[in-house]
Structure formats: structure tokens, C-alpha cells
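Visitor: Residues per chain are reported as follows:
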Amino acid sequence: MWIYEKKLEYPIKIKKTNPRLAKVIITQYGGR
Amino acid sequence: MERDELLKDLTILDFMAVDLGLFLNTHENDREALLTYNSIIERADRVRQTYEKMYGPLCSFRSYGGDYWRWPEEPWPWEEEFNFEFSGGGEER
Numbered sequence: 001m002w003i004y005e006k007k008l009e010y011p012i013k014i015k016k017t018n019p020r021l022a023k024v025i026i027t028q029y030g031g032r
Numbered sequence: 001m002e003r004d005e006l007l008k009d010l011t012i013l014d015f016m017a018v019d020l021g022l023f024l025n026t027h028e029n030d031r032e033a034l035l036t037y038n039s040i041i042e043r044a045d046r047v048r049q050t051y052e053k054m055y056g057p058l059c060s061f062r063s064y065g066g067d068y069w070r071w072p073e074e075p076w077p078w079e080e081e082f083n084f085e086f087s088g089g090g091e092e093r
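Those sequence lines, one after another, are chains A and B.
Under my numbering, residues 1 to 32 are what the first sequence spells out, in order.
Under my numbering, residues 1 to 93 are what the second sequence spells out, in order.
Hints listed in this document are in silico derivations from the structure and should not be mistaken for laboratory results.
Incorrect hints may have been included.
To be verified - Label-pair restraints from in silico Cβ distances: (1) A:Leu21 x B:Val18: 35 to 43 Å; (2) A:Tyr29 x B:Ser60: 19 to 27 Å; (3) B:Leu34 x A:Pro19: 45 to 53 Å; (4) A:Ile14 x B:Asp30: 35 to 43 Å; (5) A:Pro19 x B:Tyr68: 18 to 26 Å; (6) B:Glu81 x A:Trp2: 22 to 30 Å.
As the list claims (entries may be wrong) - Simulated pairs of lysine-lysine, DSS-like, Cα-Cα distance not exceeding 25 Å: (7) A:Lys16 x B:Lys8; (8) A:Lys13 x B:Lys8; (9) A:Lys6 x B:Lys53; (10) B:Lys53 x A:Lys7; (11) B:Lys8 x A:Lys6; (12) A:Lys15 x B:Lys8; (13) B:Lys8 x B:Lys53; (14) A:Lys23 x B:Lys53; (15) A:Lys23 x A:Lys13.
Glycine residues also receive a C-beta, built at the ideal position from the N, C-alpha and C atoms.
Work the whole structure out from these sequences, hints included.
Guide: Here you go:
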């Protein structure tokens, strides 16, 4: 069964934001 | 111990457990890896218990409820204050 775990498997640190790339990626996940 | 430190320790231990688990899938008879795996799981369990007692449940299922229901409490993993600082990282955004 799918279980939500309230932590990350590996930590991330966002150094640079890129809204254009983010938009492309999110559409691939099935968003819009 | 601070939440950040506990979370960091747990992240390290859980990551080792994931990795050793994958290794064991292809090395079932590796005694040393199995013993290491078991000891990591034990240590991770202890840290997880301490964390959950102080800062609420980590899992949406099977975590203890404590004295009151804390699951919906912030912060969530996608929020900056949830995550611990990388050592050596002081770079500006």
C-alpha cells in the first residue's frame, strides 16, 4: 500500500529557480 | 537534540537502509551486508521513535498518534524550514 512519509529520502537544496523548466517538467507529470 | 539534527541522522540512516536493501536483492548471501543492514534498521528505528515523540508522526500510517493528532501540522517536506541545512552550503539564492 502507498504510504506518505513526511520526509525526503535525500535532501535537496534549490540553488537556482527556473519557472520555465519547472513548467515543462510538471506537464510531464500530468499537470498543466 | 534539535529537530534538524534528528532529521539529518534519520535521513542518513534511512538512505543507507534503502541502499543496502537494494544491494542485498542481488547479494542475498552477503552476511556482512545483512548484519550491517540489520544494525542500520535498528538505529534508524531508535532515531525515528525519538523524532516522532518530539515532533509528531512521520508516516501517514502506522505511526503512533501520541497525546494529540499532529499529522496535519506544518512544516511539510516541501517547505524550506522543514529541511535541515546542508553543511558547507551558505550560498545565496
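Visitor: Give a verdict on every hint.
Guide: Hints, one by one, checked against the model:
1. A:Leu21 x B:Val18: 35 to 43 Å: At 27 Å between Cβs, range violated.
2. A:Tyr29 x B:Ser60: 19 to 27 Å: Since the Cβ atoms of A:Tyr29 and B:Ser60 sit about 21 Å apart, the hinted range of 19 to 27 Å holds.
3. B:Leu34 x A:Pro19: 45 to 53 Å: 46 Å, holds
4. A:Ile14 x B:Asp30: 35 to 43 Å: Holds, since A:Ile14 and B:Asp30 (Cβ atoms, about 37 Å apart) stay within the stated range.
5. A:Pro19 x B:Tyr68: 18 to 26 Å: 39 Å, violated
6. B:Glu81 x A:Trp2: 22 to 30 Å: Holds - the Cβ-Cβ distance for B:Glu81 and A:Trp2, about 26 Å, lies within 22 to 30 Å.
7. A:Lys16 x B:Lys8: 23 Å, holds
8. A:Lys13 x B:Lys8: Roughly 14 Å between the alpha carbons, so the hint for A:Lys13 and B:Lys8 holds.
9. A:Lys6 x B:Lys53: Holds, at about 14 Å.
10. B:Lys53 x A:Lys7: 16 Å, holds
11. B:Lys8 x A:Lys6: 13 Å, holds
12. A:Lys15 x B:Lys8: 19 Å, holds
13. B:Lys8 x B:Lys53: Holds, because 16 Å separates the two Cα atoms, which is no more than 25 Å.
14. A:Lys23 x B:Lys53: 39 Å, violated
15. A:Lys23 x A:Lys13: The hint holds at about 19 Å.
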